[in-house]
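2 protein chains.
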Amino acid sequence: MSEARTVIINVSARHVHLSPAHVEALFGPGYQLTVKKELMQPGQFAAEETVAVIGPKGSFPKVRVLGPARGASQVEISATDARTLGIPAVVRLSGNIAGTPGVILEGPKGRVELTEGVIVAARHIHMTPADAAKYGVTDRQVVRVKTNGGRPLTFDDVIVRVRDDMALEMHIDTDEANAAGIKDGDIGEILL
Amino acid sequence: MSEARTVIINVSARHVHLSPAHVEALFGPGYQLTVKKELMQPGQFAAEETVAVIGPKGSFPKVRVLGPARGASQVEISATDARTLGIPAVVRLSGNIAGTPGVILEGPKGRVELTEGVIVAARHIHMTPADAAKYGVTDRQVVRVKTNGGRPLTFDDVIVRVRDDMALEMHIDTDEANAAGIKDGDIGEILL
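Residue numbers (our numbering), protein chains in the order written: chain V, 801 to 992; chain L, 801 to 992.
The hints are simulated quantities; they were obtained by calculation from the structure and are not laboratory data. Be a bit skeptical, because a hint or two may be false.
Note: identical chains are not told apart, hence a pair may lie in one copy or across any two.
Claimed, not checked - Straight-line Cα separation of at most 27 Å, DSS-like style, residue types lysine-lysine; simulated pairs:
1. K857 x K983
2. K946 x K983
3. K836 x K857
4. K857 x K837
5. K836 x K983
6. K909 x K837
7. K909 x K836
8. K909 x K857
All chains should be built: construct the whole structure from the sequences, respecting the hints.
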């Protein structure tokens, strides 16, 4: 067998991406997000800012905003979180939000009612075209990833996302991390 | 290949098993648990009674008690729940509670401080000796289970528990169910 196709796994806790208009609606006119910590994906950062995410049955008072601002606001939660909020858990790839549930966001300067945009992110691996060539995979290919955390399992439906501005990294949500006993930085093996 | 080794998967939400002494401490002298719903495992039931589970950082006000009363009290939660409560998530087989975290239980008539007994249940399959013979497995054998829910995955470390008074059933927690997109009654396939 050839060299193992390894990938760093990082765990996405619940977080919010905001459109520029929603940054202003929640934090005030002309407001710009503040970088708290650079993330592994180039240009992406955890912001100092948090918002409240309010559902029909429950809410989370301080959900981290990720920057920079992007085209459409999107809230990424776990299926456990969806139950707490009282909304359906709809598994989608990031950016594919048509017909997904909405939620209310509240910041220090205002509220926004999202009519859609709340997703449970489908597990995925970011990589560059060079990584993809090396590993013999293509954009949108579905692969398996074997993990070896405290509760070993093999994810059977992991979507590969290839783009020039991406770094090699697998993203799973907190339910998946808990089910696998995985923590940030653990290594998975891509199986074809 | 021979016939598939299928198993019904049921999802264990957080719940509490109580010793007879703790039933009385929480619900009053001479109190007996009331059957709300029979479970798949023979003689086991969800009780009408609930207790509050109180940790250093958070609590759950109404956690279902499962009956009948047993030797030692045990609280079964997900790793997500452990984080909410503010205690470590310790994965153990049911009954193996030495050195696990404690928690406070509160009922209508009193409080109990458990010094240990809070576990994240290791995923497992119950079966009779006849099932085990048919499937070619033995007590405590570790098997894999392939699932085909909304987010397919294969659990790599599932413990077989064989006993005369058990029915063929796999138990996973809510994090695992959410990671796999599984609901009660879904079917898994045991892989050896």
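Structure-based check of each hint:
1. K857 x K983: Close across copies (21 Å), not inside one copy (29 Å); limit 27 Å.
2. K946 x K983: Close inside one copy (14 Å) and across copies (23 Å); limit 27 Å.
3. K836 x K857: between (30 Å within a copy, 25 Å between copies)
4. K857 x K837: Between. Shortest inter-copy distance 26 Å satisfies the 27 Å Cα cut-off; intra-copy 31 Å does not.
5. K836 x K983: within (21 Å within a copy, 38 Å between copies)
6. K909 x K837: within (23 Å within a copy, 49 Å between copies)
7. K909 x K836: within (20 Å within a copy, 48 Å between copies)
8. K909 x K857: within (23 Å within a copy, 29 Å between copies)
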